[in-house]
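Per numbering that gives the first Met the number 0, the sequence shown runs over residues 0 to 179.
Misleading hints may appear alongside valid ones.
[Unchecked claim] Derived CB-CB ranges, DEER-like:
1. T124 <-> C56: 41 to 49 Å
2. S99 <-> M130: 15 to 23 Å
3. Q128 <-> Q57: 35 to 43 Å
[What the hints assert, rightly or not] List time: in silico SDA-like cross-link candidates among lysine to any residue, alpha-carbon distance up to 20 Å:
4. K137 <-> N61
5. K28 <-> S65
6. K132 <-> R147
7. K28 <-> K50
8. K28 <-> T6
9. K50 <-> N61
10. K28 <-> L143
Hints were generated in silico from the structure; no laboratory data involved. Just so we're clear, the structure is a prediction, and the values are computed from it rather than from any experiment. Where a beta carbon is used, it is the ideal one built from N, C-alpha and C, also for glycine.
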Amino acid sequence: MISSRETVLVAVSGGPDSLALLHSLNNLKSQLGCRLHLAHLNHGLRPNATKDATYVCQQAQNLNLSVTVREISLPSASEASARQARYQFLEQVSNQIGASKIALGHHLEDQAETVLMRLFRGSGTTGLQGMLKVREGKFIRPLLTSSRTEIEEFTNSLDLTPCLDESNMDRSYLRNRIRI
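I would like the entire structure built from these sequences, with the hints used as guidance.
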């Protein structure tokens, strides 16, 4: 998934999943022989978004890692537009720093939610396969087989206090209705 001498862009929201990803990769970076760079996009959609960005910067500083933070204003507050902006941002930063991989914090429950969402939307068999651990040779999901419980236990073991996204309880989003 990660080769020696690669630069890995780590997408960090400040939530439990991305913190577990960040700290796991940081613990393994010497063994893997890779360089890490963090990326955080503040969509400005939530009241605590600025606090989350500050927290991610503190994590980067504590781990002596470089970070790119950008704040944007979205034309619409939809989940789809936020996702599109996030991936566009990650691609831009990846190109700017020469990263060959972009690490995402998706985990086992995210995978199940994705499959169910695609099923509800009428996806064919290709859509039902879920997320790939490696997509396009660039996007990697090292935690895809880890459960939310394992991730929370890991962040707790490191005495981390992840940011909590209050919009995860908003039932107007299909993913949240599946999750809740």
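**OP:** Please test the hint of 15 to 23 Å on the beta carbon pair from S99 and M130.
**Re:** With a Cβ separation near 20 Å, S99 and M130 satisfy 15 to 23 Å, so the hint holds.
**OP:** Decide if the proposed pair is consistent with the structure: K50 and N61, CA atoms, cutoff 20 Å inclusive.
**Re:** Holds - the C-alpha atoms of N61 and K50 are around 16 Å apart, at most 20 Å.
**OP:** Below or equal to 20 Å on CA atoms is what counts here, so check K28 against K50.
**Re:** 27 Å, violated
**OP:** Could you tell me whether the CB distance from Q128 to Q57 stays inside 35 to 43 Å?
**Re:** 38 Å, holds
**OP:** Would you mind confirming whether the straight-line C-alpha gap from K137 to N61 stays at or under 20 Å?
**Re:** 27 Å, violated
Original post:
Are T124 and C56 spaced within 41 to 49 Å by their CB atoms?
Top reply: 43 Å, holds
Original post:
Keeping to a limit of 20 Å between CA atoms, is the pair of K28 and S65 held or broken?
Top reply: 14 Å, holds
Original post:
Keeping to a limit of 20 Å between CA atoms, is the pair of K28 and L143 held or broken?
Top reply: At roughly 19 Å apart (the allowed maximum being 20 Å), L143 and K28 satisfy the hint.
Subject >> Given hint R147 paired with K132 - CA-CA distance at most 20 Å >> reply: Judged against 20 Å, a Cα distance of about 17 Å means the pair holds.
Subject >> Pair hint K28 and T6, alpha-carbon separation not exceeding 20 Å >> reply: Distance ~10 Å between K28 and T6 Cα, so the pair holds.
Checked against the numbered hints given earlier, the structure breaks hints 4 and 7 and satisfies all the rest.
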